[in-house]
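Trainee: Take these sequences, add in the hints, and give me the full structure.
Take the sequence shown: its letters are residues 1453 to 1667, numbered as in my numbering.
Some hints could be false.
Quick list of the computed label-pair ranges, beta carbon to beta carbon [stated by the list, open to error]:
{"#": "1", "residue 1": "A1540", "residue 2": "Q1634", "range": "17 to 23 Å"}
{"#": "2", "residue 1": "Q1563", "residue 2": "R1497", "range": "22 to 28 Å"}
{"#": "3", "residue 1": "S1543", "residue 2": "S1639", "range": "33 to 39 Å"}
Since the hints were made in silico from the structure, they are not lab data.
Everything numeric in this text was worked out from a predicted model, so none of it was measured.
For each residue, glycine too, the CB sits at the ideal point set by N, CA and C.
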Amino acid sequence: VEQALLNIDKSTQRIPVHGSGRTDTGVHATGQVAHFDLATKLGERELKDALNAHLSEDCRIMSIEKVTDNFHARFDAVKRHYRYQCYAGDSILYRNQAWCLRVPDIQRLNQLAALVIGDHDFQSFGKYRLDQKNTHCTIYQAEWKGQGDFVNFFIAGNRFLHHMVRYLVGTMVKTSQGNFSQDGFESLLLEPQKDARVQKAPPQGLFLEKVDYVD
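Mentor: In structure tokens:
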């Protein structure tokens, strides 16, 4: 996006683009929000079309709107919504958009998901970083839903640690398959560990779907 802005603005100076949050390689975003400062005579629709003309095929600007000078896509966000998609069917078409595995026990998964809701120290479920001082997050929604061959995990919270959703999904699936105990899962929340041995789900099933801001 920054390179596309340079192509449009004909500037030699980089125009920083600030996203609401990072997405790892292989992770998808259908509701990513970003902001940048640009002086242009182009209208919002014209700017959107111009940017899309300079972006790769796997990246698209869906809408553009003017915001106040003090708006920040990351720091003003109050809630982020993620979906993790698992696929239990036979088709190979979803291998880049889902974690392909046998049908998980949804009832068991939802018992685990209920433990996640609320304010917790998620150090056990985040990639350890020396500069990470706050590992507390508030989770408002955590729920598994099945539809046909798909099983989706929906989670919403005020913030997330690096790889946190993938660690939660991987460890819940491992527990539902009988390879880890529910007591062990709960203890990771009650007694956070920076070097916890938790299962990380693959990136391709994760989608950032929505970011909420105060009106």
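Trainee: Which hints, by number, does the structure contradict?
Mentor: 2
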